[in-house]
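A.B. asks: Chain by chain, the residues:
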Amino acid sequence: MPKQTPSKSPRSPKPLSPKGSQKPLASNADERINHLFAGTEQWGARIGFWFSLGALLAYLVGWIPPYIPLETLTHSWGLPVNQYLAATGAPHGWDWLPLALHGDYLALAGVAFLSSVIIFSYLAVIPAYWRKGDRVYLTMVIVQVLVFVLAASHLLTVGGH
Amino acid sequence: MIPFFPANLMPPRFSAHILRHITPGRLAAFVMGVALFPALAMAQAAAPGDPTVDGMASLLPLWAWPLVLFAFTAFLGVLAVMGGIGGSVLFVPLVSGFLPFIHIDFVRGAGLMVALTGALSAGPGLLRNGMANLRLAMPIALITSTASIAGALIGLALPAQQVQIALGVVILSMSVFMYFSKTSGHSETTSSDPLVRALGIQGSYWDADQNKDVTWAPRRMALGLVMFSGVGLMAGLFGLGAGWANVPLLNLVMGVPLKVAVASSYFLLAITDTTAAWIYLNKGAVLPLLVIPSVAGIMVGARLGARLLHGARPSLIRKVVIVVLFLAGLRALIRGLTM
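The listed protein sequences derive, respectively, from chains A and U. Quick note: the first sequence, position 91, residue 91 per the working numbering, numbers continuous. Quick note: the second sequence, position 97, residue 97 per the working numbering, numbers continuous.
These are calculated hints, taken from the structure and not from any lab test. Note that the structure is a prediction, hence the values are computed from the model and not measured. Ideal Cβ placement from N, Cα and C applies to all residues, glycine included. Just to be clear, a hint being listed does not mean it is correct.
[To be verified] Computed footprint of chain A on chain U, listed as stretches where at least three residues anywhere in the stretch have a Cβ under 8 Å from a Cβ of chain A: (1) 97 to 107; (2) 114 to 124; (3) 269 to 283; (4) 290 to 302; (5) 323 to 336.
[Unchecked claim] Interface residues of chain A toward chain U, partial, derived using beta-carbon atoms under 10 Å: (6) 49; (7) 53; (8) 64; (9) 101; (10) 144.
Model the full assembly from the supplied sequences, consistent with the hints where possible.
C.D. replies: Dropping the structure here:
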């Protein structure tokens with residue numbers, strides 16, 4: 001059951017089957033799924049990166065005041081994360097979200113967006129797998145999204161050290 | 001290679017003019033001067049185990065920190081591309097070694113983001129040209145990302161000393177593994193593996209070197225999935241990208257052609273590191289001040305490294321990277337043992 005992506009060589013616009021027949025290995029649906037995934041990933045990464053960089057610059061030059069002063073941050077970043085949170089009053093889990101109007105947490109919002117780009121890409125291909133009727137991969141994509149959501153939910157917590 | 005990075009903003013002629021004058025030696029000297037000497041000086045001044053070193057912050061003005069990180073990681077990016085490895089494999093041991101006053105929890109969080117962003121930038125191109133294979137990578141990614149959650153939870157619960165020791169052992173083993181590792185050029189065109197057949201995993205790509213379409217199918221899928229769960233665990237535990245393990249597993253164990261293995265590894269990295277990164281984010285172990293300059297630096301360095309690769313001897317640089325990794329691993333191990 002060969003299903004695969006196409007090669008992009010100008011000499012070989014469509015990969016052929018191993019036996020040399022003219023039947024392409026990749027279906028149009030697979031090709032669309034690859035492009036959909038790639039497009040979402042590319043634009044998500046661009047937006048996330050430039051947003052993060054802009055927010056960091058605004059934070060560093062003082063246009064947007066931080067929640068945790070830079071001096072406090074650099075004096076405390078040698079502490080283990082639990083002690084750092086206690087020393088600086090920094091939030092954990094999703095508690096940073098209401099602080100996103102501060103420069104440091106606006107930059108963190110950009111980092112969080114970057115960390116979500118792959119989740120958006122998976123969500124984008126769910127309808128395509130549904131239309132294709134590929135139940136195995138549709139299930140796999142949904143389970144993967146649930147794993148991402150579990151990781152992002154802050155339901156999984158650990159003790160300190 | 002890195003489609004969204006700032007070189008796109010420079011006029012091509014201007015960019016080419018600058019790059020013509022950047023030789024590997026000049027670049028290394030410049031970055032060493034900008035980044036390594038201040039970092040070394042601070043590393044000397046820092047007292048390991050004394051986390052709130054007030055004097056450390058005053059060694060440099062606060063605005064200089066992102067620049068130091070940017071230059072340091074740009075150097076790592078050049079080295080990583082020329083050595084054919086992921087930037088975060090160098091990032092975690094070297095940053096925690098040269099900047100010991102930053103706790104390893106935050107270095108690992110930044111290392112994951114460095115690996116993730118690098119994979120995000122390379123992934124779309126590799127998917128579009130058919131080198132990365134979604135049908136192959138998706139089942140593996142599900143296993144590695146689940147295991148990386150466990151790894152991240154374990155890593156954040158363990159004392160820093162144990163993590164440093166384990167990191168040292170892993171990095172040392174990795175350098176030895178890289179020294180002895182080989183690649184396999186053999187791949188099958190159809191697979192008798194029932195799991196592979198059930199999932200319909202088979203691929204084809206245009207190989208310019210061989211001037212033909214190469215058709216392939218993986219083998220030993222179940223064994224590969226078991227081994228990948230260990231890779232995911234380590235990725236989450238140490239904040240490493242794990243590309244160093246993905247490629248040999250795909251190529252040597254599962255019989256995937258090397259080019260497809262490298263490309264699919266980027267896809268796997270993006271998924272594994274997304275999961276682990278969220279655990280670090282929720283824990284509060286991701287500092288934008290560390291992450292964003294490091295990500296930008298690695299990507300500028302990777303782009304420069306890709307340009308410089310034409311005039312360099314890859315085998316020599318690979319050996320240099322192996323030695324750097326070995327020394328970084330040794331330093332992490334010694335630091336862990338003396339904490």
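A.B. asks: The structure should be examined with respect to each hint, and the outcome stated for every one.
C.D. replies: Okay, the hints, checked on the actual structure:
1. 97 to 107: Contact hint for the stretch 97 to 107 of chain U vs chain A: holds, 5 residues under 8 Å.
2. 114 to 124: holds (count 6)
3. 269 to 283: Per the Cβ count (11), the hint holds.
4. 290 to 302: Satisfied; 6 residues make the cut.
5. 323 to 336: violated (count 0)
6. 49: holds (6 Å)
7. 53: holds (6 Å)
8. 64: violated (12 Å)
9. 101: violated (15 Å)
10. 144: Status holds, d = 5 Å.
Consistency with the previously given hints fails for numbers 5, 8, 9, ordered from lowest to highest.
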